[in-house]
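These are the residues of each chain, in order.
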Amino acid sequence: LGRIMRPDDANVAGNVHGGTILKMIEEAGAIISTRHCNSQAGEPCVAALARVERTDFLSPVCIGEVANVSAEITYTSRHSVEVQVNVMSENILTGAKKVTNKATLWYVPLSLKNVNKVLEVPPIQYVRKEQEDEGRKRYEEQKLDRLETKQRNGDVIFPVINPEPHTVGYSQSSLIHLVGPSDCTLLGFVHGGVTMKLMDEVAGIVAARHCKTNIVTASVDAINFHEKIKKGSVITISGRMTFTSNKSMEIEVFVDADPFVDESRGRYRAVSAFFTYVSLSKEGKPLPVPQLLTETEEEKRRFEEGKGRYLQTKAKRQAQLQQAAQ
Amino acid sequence: LGRIMRPDDANVAGNVHGGTILKMIEEAGAIISTRHCNSQAGEPCVAALARVERTDFLSPVCIGEVANVSAEITYTSRHSVEVQVNVMSENILTGAKKVTNKATLWYVPLSLKNVNKVLEVPPIQYVRKEQEDEGRKRYEEQKLDRLETKQRNGDVIFPVINPEPHTVGYSQSSLIHLVGPSDCTLLGFVHGGVTMKLMDEVAGIVAARHCKTNIVTASVDAINFHEKIKKGSVITISGRMTFTSNKSMEIEVFVDADPFVDESRGRYRAVSAFFTYVSLSKEGKPLPVPQLLTETEEEKRRFEEGKGRYLQTKAKRQAQLQQAAQ
Amino acid sequence: LGRIMRPDDANVAGNVHGGTILKMIEEAGAIISTRHCNSQAGEPCVAALARVERTDFLSPVCIGEVANVSAEITYTSRHSVEVQVNVMSENILTGAKKVTNKATLWYVPLSLKNVNKVLEVPPIQYVRKEQEDEGRKRYEEQKLDRLETKQRNGDVIFPVINPEPHTVGYSQSSLIHLVGPSDCTLLGFVHGGVTMKLMDEVAGIVAARHCKTNIVTASVDAINFHEKIKKGSVITISGRMTFTSNKSMEIEVFVDADPFVDESRGRYRAVSAFFTYVSLSKEGKPLPVPQLLTETEEEKRRFEEGKGRYLQTKAKRQAQLQQAAQ
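Chains as they are written, first to last, in the UniProt record's numbering: chain A, 1 to 326; chain B, 1 to 326; chain C, 1 to 326.
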């Protein structure tokens, strides 16, 4: 899977949107896991995205470069598949290649005939016993984490009249999208990748409004897809800034689905996630970011929580660097 | 509803096509009116565009800006909904905001089960009694106007061999489009916004061929959607210039639908409208437009009619300015 | 390179447009040849499509299937690259794979700094000496053929008033397209694949208008790209039926470019080609096609020429089958 990056895939500075990459990653994951889940005789099924692990964008991709996406199944539980996807950007003029992303996605096979039925996943063969054990550990961890996010949610974004620059209300944004047929899988539900692309679009607008410079996606926290979104629904994607460090911004994004011609169900929260953005100079160097001004108690609490996530990630990365240096 | 304007939304000079804005306006209108019409228990329905009132493009939008679209229901009759849509363009780098458009659209709720059945619209509450009266007046006016346009039509555009520059035949253009799934509502009929975007595309090419400069949509006359267009149809969109003033061009656009796999019906005229374009210099100032050379009696008659519309609009605008000045 | 086929890629019957496949093939060819031509130190360049050899569509691809495209460089002359592209469709539910296409494309490296300068191609290594000889033979043949098509052209399509069903005038169609940034390479010229997709779109509409059934692309004759098309141009793509056999239709398609903001050049013929379509029943079996009614001497002459091409192709295929059977 690969594609030349076009002007529409990128921002005005020529950097490809993180959302375009996330969409390609998810398409590759959906193909390999659907193929695997149908590899044994039995009910035909479509793999639906259940979760994406935290993803770092290691280097920006530019218009005219080719993004090469490769995917591999790394673990299977009874009802889920773990896929590892790597994205490599290639400048076909200079031949230079860079790793852009490494992502881990979890898929669940849903029956084509009965969309509420989760089928069994054919087990994969592991070369070494440890691979299976490590996979099981990752499986258990993400399961716990998924339960947790099911608790939060509920939050709504209200517009603020005449907000001061650099406050939360100043940059918060939302967009709505009517789900069309090409947004959907064979089951008639929105591709996870389409949702992530829209989330990145809103997060990018929030970040640009806050710092008014060229911004790029630096990372996306783990995203859990608890609720499917049906063709014909209207989805509202809202984003607000939660935290700023010296050189990064954290934006929380919510996706609410409204199957508005379908009487049986009202509007519901489908997904939520944290995106981290950095601001880049013309030479591609990170710029300082204006500090987020928090006004309400809620905003201060979210800022502290964001700081916690920021410090945790920083500590983890340093531990990895030290380990690598040893 | 909001979206960053991408390179493909704009012409070579970076000005966003009027058709892109019209499509966003219509999507917002379709969402709010479909939601409203399904707000009471009863048959599920989809709101279909019946009419767009005359729309002025107040200032051009550029690539990289965010177009914010907001919609509000301003009147309901028994079987139709009036929606007021405002578009604001925002330069997220400078924070500058400009009103781009104000549009008024009329929708009619069609049953999801039986597409030929028009359902009843739940009434809205008015803050002041006068709002209801004014709305009723607008409703009656547009009803009359819709009947009128049902009369004209019929006209066809024939190509001219070796036309002279600045004649009608020189710039007239047409395109065909095969209606795909993403062009359609849940009912399987083309979104009004998709049709308007294609109409603007043809009108823009006619205008560019005539004056060979950077052109932008200045306004669109009221458009009535008398006939639905089904998925799988081929639509032919044709445009010809009807009138030029010193600094503007009027282009008439026809949409003909050919449901060619459906034997029961031949080709029919689905929509027609007048678009007004201006030519802009690199600094964004209006340029003089070469005068349209009319050759046949028909062309001279259409030129005079266009002049009538032009003078009427000019008079209306001056009256409004005087009123505002008092 | 691969992608899940979406509803927007297909016709109402769910068969993916030949044009979608041609566009993917050309993207794969452009990537591999641009990469190869930049593999040695020297001026950076972009490979531009010069020619596509005759291509047969062996089996239709459906929505939800994955199209896998693989490309290989099979010959290099001093200034051109021959690329062999294979397309395999994969039903990821059943695991069934089918060869959809085999295409041969010729690319020429153009300097990024001076678009009129053709650069030298680094030679490839051949496993066997015969491969080089056979490649040189193919190179010489296509060179001759390219010169030949440079001669024809010139022809224009005029509309007919009230045409009878099944005449040439009845089904002929044309569309205009404003070339946007995402249609173009880094050099600012239209991707050959974009042009071929639009050509297939027009040819498909001509075929559908003629026989009013579900039609699919069966083959495309060799296409030569003599003239580049610049960003911002308006292109007119016109198609007319030239020949019908019992179960196939041949459609001639012309592409004319009008770089209308560029004063130095008028409208010119950029590409022309022959597409062959078949009509399919709901079960995917070929249906009889109504015979084309020719009226003018010109039409009768073109019909005979089409018959010649048809019989020649048929004879070639039978010779291949006999050879394979021996």
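Keep in mind the hints are simulated off the structure, nothing from the lab. Please note: incorrect hints may appear among the correct ones.
When chains are identical, the list treats them as one kind, so a pair holds in a single copy or across two.
[What the hints assert, rightly or not] With a straight-line Cα cutoff of 30 Å, these simulated DSSO-like cross-link-like pairs (lysine-lysine) come out: (1) Lys231 x Lys300; (2) Lys300 x Lys97; (3) Lys212 x Lys285; (4) Lys230 x Lys137; (5) Lys129 x Lys197; (6) Lys314 x Lys212; (7) Lys113 x Lys307; (8) Lys282 x Lys97; (9) Lys117 x Lys314; (10) Lys285 x Lys113; (11) Lys137 x Lys285; (12) Lys129 x Lys143.
Checked hints:
1. Lys231 x Lys300: Answer is neither: 38 Å inside a copy and 35 Å across each miss the 30 Å cutoff.
2. Lys300 x Lys97: between (42 Å within a copy, 29 Å between copies)
3. Lys212 x Lys285: So Lys212 and Lys285 pass the 30 Å test inside a copy (16 Å) and across (27 Å) alike.
4. Lys230 x Lys137: neither (32 Å within a copy, 39 Å between copies)
5. Lys129 x Lys197: neither (37 Å within a copy, 45 Å between copies)
6. Lys314 x Lys212: Classified as within: same-chain Cα gap 25 Å, cross-chain 39 Å, threshold 30 Å.
7. Lys113 x Lys307: Result: close neither inside a copy nor across copies, 46 Å intra and 48 Å inter.
8. Lys282 x Lys97: Both, since 21 Å and 25 Å are each at most 30 Å.
9. Lys117 x Lys314: Classified as neither; 40 Å inside a copy, 50 Å across copies.
10. Lys285 x Lys113: Between copies only: 27 Å across chains, 51 Å inside a chain, cut-off 30 Å.
11. Lys137 x Lys285: neither (37 Å within a copy, 52 Å between copies)
12. Lys129 x Lys143: Within. Shortest intra-copy distance 22 Å satisfies the 30 Å Cα cut-off; inter-copy 57 Å does not.
Of the numbered hints stated above, those contradicted by the structure are hints 1, 4, 5, 7, 9 and 11, listed in ascending order.
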